[in-house]
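Asker: Make the full structure from the sequences, and use the hints.
What follows is the residue order along each chain.
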Amino acid sequence: MTALEYAAVGKVFPGVVALDGVSFSVAPGEVRALIGENGAGKSTLLKILAGQYQPDSGTLLVDGTAQRFATPAESQAAGISIIHQELQLVPDLSVGENLMLGALPRRLGFVDRGELRRRAREILDRLGEPIDPDARLGDLSIGRRQMVEIGRALLRDARIIAFDEPTSSLSARETSRLMEIIEQLRRDGRAILYVSHRMEEVFALADSATVLRDGRHVLDAAPVSAADEGRLVSAMAGRTINDIYDWRARPHGPTVASIRGLSGPGLVAPVSLDLARGEVLGFFGLVGAGRSELFRLIFGAVPRTGGGVSINGADLPVDDPCAAIAAGLALLPEDRKADGIVPLASVQENVALAWRNRAGATPLLRDRLEATVTREQIAGMRVKAANTDVAISTLSGGNQQKAIIARWLMADARILLFDEPTRGIDVGARSEIYAHMYRFAEQGGSILFASSDMPEVLGVADRIVVMREGRISGILSRDEASPERLLRLALPDADASASAPADLRMPA
Amino acid sequence: MTVRNLIKRSGPLILLVLLLPVLALFVPDFMGLRNLRGLMLSVTLVGTIAATMMLVLAMREVDLSVGSTVALSGVLTAVVIGATGSVGLGVVAGLAGGTLVGLFNGAVVAGLKVNSLIVTLATMEVVRGLAFLASGGESVAIPAESFYALGSGGFLGINWPIWVMLASFTGFGVLLNRTVFGRNILAIGGNPEAARLAGVPVTRVRITVFAVQGFVAGLAGIVLAARITSGQPNTSVGLELAVISACVLGGVSLSGGIATIGGVVVGVLIMGAAQNALNLLNVPTFYQYVVRGGILLIAVVADRLRQGGRLPTFRLRRSVAAPDGTSHA
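Respectively, the protein sequence lines represent chains A and B. Start counting the first sequence at 1; every next residue gets the next number (the working numbering). Start counting the second sequence at 509; every next residue gets the next number (the working numbering).
It is possible that some hints are incorrect.
[To be verified] In silico SDA-like cross-links for lysine to any residue, where the CA-CA straight-line distance does not exceed 20 angstroms:
(1) A:K337 with A:A135
(2) B:K621 with A:C322
(3) A:K337 with B:R704
(4) A:K337 with B:E701
(5) B:K621 with A:I142
(6) B:K621 with A:E149
(7) B:K621 with A:D320
[Said to hold, decoys possible] Sample of chain A residues with no beta-carbon within 12 angstroms of chain B, all distances over it, derived:
(8) R68
(9) R107
(10) D112
(11) V218
(12) R231
(13) P251
(14) D335
(15) P343
(16) Y438
Derived from the structure by calculation, the hints contain no laboratory data. For clarity, every value in this text was computed on a predicted model and none was experimentally measured. Glycine is no exception: its CB is placed at the ideal position from the N, C-alpha and C atoms.
Answerer: Structure, rendered in structure tokens:
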């Protein structure tokens, strides 16, 4: 018997057929991967499971019984738990309170703190996570927060657990922890639906896979080992993708940015680096290794406490993003939604934001010019949007990211600080973003990018900086780099400085 | 534009359009020219300040000190005119006082990163106190007849206070829509961190907006002093709430990022028309409070529904709140 079955499920939104007769099932103890590009219908399937949407046709069966969830509460009551990409937790409450949110243990009408702590610890032990139940949730890393979310599903004893892009913001180590936990859930006999973009995870984890494209299921691979990666990817994209990175050697020019003894919050040791014109410099490390912090310090988004950044020989002030932008820098933050876009504003407002505020811009808006330039940039980046007046939040993640790149091309940025360029972005859009990065470098721009996705760093960077616990643990040329070396430099338990090969150039 | 979009974009206007014939029909004398002029005059104080409050709210901030600033500015103007005999110096004193209050608010909010609700709650009290101190606790008569013209005189048959309000609407409407500064205000309100990282000079914009708000409150205080021919330290208590209400009625989002000057004008007019009708109908003041609050409540609930929100369905079973996912990937 199947734990969960979608039988010819259809869903139509005004103007879009989101799902067109999708059928597949998940048995207890099975991990089924659900893969497809953004817009393929994965989220809609999950929202139907979660009770946020109701299908327009077809049936959702749980344990063989047709179900129609009108609210998320009904879905949860049926033993379903969804681990969302954007976690649904309260940052200001403790870990324990978050675990039991909505069902806090009570005694005489008051919250039973002792019981809360005891049960929270029990669940966290089962997950093997050394998290303090009393810690404020917002102080945890994103990976840890996700563990808390999984803990919630365990506490509710959910029999059907759906993961929506769970590893998109996890470091390599957190990802392998998550894999172990999902393995454990499978052994428990729970039915797992696993939505991901990452093929290596699908092959490592899933028993079976369903590929969606444009709201239809185009391929059913059961067992998943019967399919190869190329077949799954081409089913997703409707075309064959050989190498999504497509890196080519580019000549580098003179040094354009020089970082000397940079220190500040999040960095344990001062950082010194040179960046050449036309260079794409990748930063690898686990989450919390200090890459995002380093980028924010270079940009002056967080005040530097020591050292300096000079761009073409001119020093930047310690905490002035406007001056950094005037010098040609741009920061594309990791959390696009929180720090990158103005969600309510239109695509044009978002794309033109930096251009309007560039040095020498007129105080009066130049609507027509701005609209023209914006449209050019949008077209150049191949952003898919009905027009430039729609709210940017209606665009898919990949298109939002391309719009943010367009913002900086329009403002004539010369050095991009690109934090997780393809987080939460589907395969097709990813290769487009890489192509834009290469073109930017070919035209004399330079890029520093940070990624937790090792194949991405290895595939895209000309040179790789590995960070570990707030310091640079190694700098490798593209030829020197290998997955093993990167990992050894990134992992905190390996003493990289002692065991690293002599040919590694270690920072002073 | 579809009908749905039209309704979505001009909700407050539709409310006003529906309201006016009803008032014209059921309230005697409402449509008289005399009454309409009175109505306009009655909303000048709220209207003038609503234009800058719109900017503050659009920036995801709030300013509670405007009522006190109006009082302080009026008193300063009266005292300085009394002491020097110069209307010009009095006006400068009133404007300077208001601007300084705004600058202070802006510097603390933007520089020290303190919540503007708290900062302006504090300055609301402090500035009210300063108004009493400057006036000695009593109303200060203004011994300059020429100054009264600012309140009672006019141009092209329209009173000066109305001109000031119209100028405020026009000026700040243009500022919001046609200048980089105005669009930066909306960007900051929509996402302050994204705006900062995109090169918007966030601190400077914040301080400037508060200073402008202070300046306009000072100006409104001077006009009010001219109308009542004195500086009153206890005037305009609660004005800030009327101004914020008018903005919210006009569709300005308290969570920032959304504001239109047209909406604010309509919001001000709805408030004024309702107040005026209640007065004409001789409804006792106590009821007027209830009606005003009711209109605000209905307007914001209607707005919520228009934006595609749903009224919650109350169930006996406990349910878990779900984010209203509107996108479909």
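Asker: Hint by hint, say whether it matches the structure.
Answerer: Hint by hint, here is what the structure shows:
1. For the given pair, A:K337 sits about 25 angstroms from A:A135 by alpha-carbon distance, which is inconsistent with the 20 angstroms threshold.
2. Annotation: proposed proximity of B:K621 to A:C322 holds, straight-line Cα distance about 19 angstroms (limit 20 angstroms).
3. Between the alpha carbons of A:K337 and B:R704 the distance comes to roughly 14 angstroms, so the proposed pair stays at or under 20 angstroms and holds.
4. In summary, the hint linking A:K337 to B:E701 is supported, as the alpha carbons are separated by about 10 angstroms, within the 20 angstroms threshold.
5. Between B:K621 and A:I142, the direct Cα distance comes to roughly 26 angstroms. Violation of the 20 angstroms bound is thereby established for this hinted pair.
6. Restraint check for B:K621 and A:E149: not satisfied, since their Cα atoms lie roughly 32 angstroms apart, outside the 20 angstroms limit.
7. In summary, the hint linking B:K621 to A:D320 is supported, as the alpha carbons are separated by about 16 angstroms, within the 20 angstroms threshold.
8. The non-interface label for A:R68 is consistent with chain B: the shortest C-beta to C-beta separation is roughly 16 angstroms, beyond 12 angstroms.
9. Distance check for A:R107 against chain B: the nearest CB is about 19 angstroms away, which clears 12 angstroms, and the non-interface claim stands.
10. With a least CB separation of 18 angstroms from chain B, A:D112 remains clear of the 12 angstroms interface cut-off, as annotated.
11. Non-interface call for A:V218 relative to chain B: holds, since the shortest CB-CB distance, roughly 17 angstroms, exceeds 12 angstroms.
12. In this structure A:R231 is separated from chain B by more than 12 angstroms, as the shortest Cβ-Cβ distance comes to about 23 angstroms.
13. No Cβ of chain B comes within 12 angstroms of the Cβ of A:P251; the nearest lies about 30 angstroms off, and the non-interface call holds.
14. Distance to chain B contradicts A:D335 as a non-interface residue, since its nearest Cβ pair spans about 9 angstroms, not more than 12 angstroms.
15. Its closest Cβ contact with chain B, about 7 angstroms, brings A:P343 to no more than 12 angstroms, contrary to its assignment away from the interface.
16. Against chain B, the non-interface label of A:Y438 holds: every CB pair exceeds 12 angstroms, the least being about 24 angstroms.
This entry does not satisfy hints 1, 5, 6, 14, 15, going by the numbered hints stated previously.
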